[in-house]
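S.K.: Following my numbering, the numbering of the sequence shown begins with 57 at its first residue and continues without gaps.
Worth flagging that the hints you see were computed from the coordinates, not collected in a lab. Since we're looking at a predicted model, the values are computed, not measured. Don't be surprised by glycine CBs; every beta carbon is placed ideally from N, CA and C. Keep in mind that a hint or two might mislead.
What the hints assert, rightly or not - Cross-link-like lysine to aspartate or glutamate pairs, in silico, EDC-like; alpha carbons within 16 Å at most:
(1) LYS59 to GLU94
(2) LYS59 to GLU113
(3) LYS243 to GLU221
(4) LYS278 to GLU233
(5) LYS249 to ASP209
(6) LYS219 to ASP209
(7) LYS243 to ASP202
(8) LYS219 to GLU233
(9) LYS219 to ASP202
(10) LYS222 to ASP209
As the list claims (entries may be wrong) - Listed next, with one range per pair, are the computed distances between beta-carbon atoms:
(11) PRO265 to ARG229: 21 to 27 Å
(12) PRO70 to ARG90: 16 to 22 Å
(13) PRO265 to PRO70: 35 to 41 Å
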Amino acid sequence: MRKIELAGAALCLPERAERELFTVCVPAGRDFARMLEEIWENLPPLAVLAVPAGNWEALSPFAAPALREGEPDFTPGADAALARAAEAFEQARQGYPLLPRPAFAGYSLAGLTALYGLHAGWGETFSAFASLSGSLWMEGWAEFADSHPAPPDGRAYLSLGGKEEKAGNPRMRRVGEETRAEVGRLKMQLPRKNLHFTLHPGGHAANVPGRWTAALIWLSAK
């Protein structure tokens, strides 16, 4: 894996690329970088563009109270996160052979950011969206998704841990119900081949590398 540091982002490429590569943009930190090195050999040829996530709570599409006392409240910043990824991709494409219209993928709250992008009109910039253990328990999500249909040519990947809806926090326990509702919503809006849902064993933090591997493989298959 070649890692190229760009202004505010890191582009990961195969050692050799004989054609333009499909790119997945990920709001991520150091943990993702280490995990990507672990799973890279299991992935098909693709490019991964890791963009700093910024303040985690600001990846939310909506304002909402913090999950726990002493933590910062959630603030609307999903559009800004998507815009940072799009800008970083355009910069990367100037110097490297990347196909247009990358995917956008995120874990946890960034997974909610991804589905927000699908429903909020970012489909002209990103060709696919992946939500891994997305925070669909967030207040206001169902109302927003119901009133903003996904584009008919959209592609969406969703995954969830089977134990996540058994979390101790009562707000987070809604994630199973809301994720199943989102899958049902998208079944009515997207072609069958453009939608994938996987229920993984374990809780929110179980086998994160394996979950990312499955998502990146699906995203890169066209």
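S.K.: Hints first: check each against the structure and report whether it holds.
M.R.: Now the hints, each set against the structure:
no. : hint                         : verdict
1   : LYS59 to GLU94               : holds, 14 Å
2   : LYS59 to GLU113              : violated, 27 Å
3   : LYS243 to GLU221             : violated, 22 Å
4   : LYS278 to GLU233             : violated, 29 Å
5   : LYS249 to ASP209             : holds, 10 Å
6   : LYS219 to ASP209             : violated, 32 Å
7   : LYS243 to ASP202             : holds, 13 Å
8   : LYS219 to GLU233             : holds, 12 Å
9   : LYS219 to ASP202             : violated, 26 Å
10  : LYS222 to ASP209             : violated, 34 Å
11  : PRO265 to ARG229: 21 to 27 Å : holds, 25 Å
12  : PRO70 to ARG90: 16 to 22 Å   : holds, 19 Å
13  : PRO265 to PRO70: 35 to 41 Å  : violated, 18 Å
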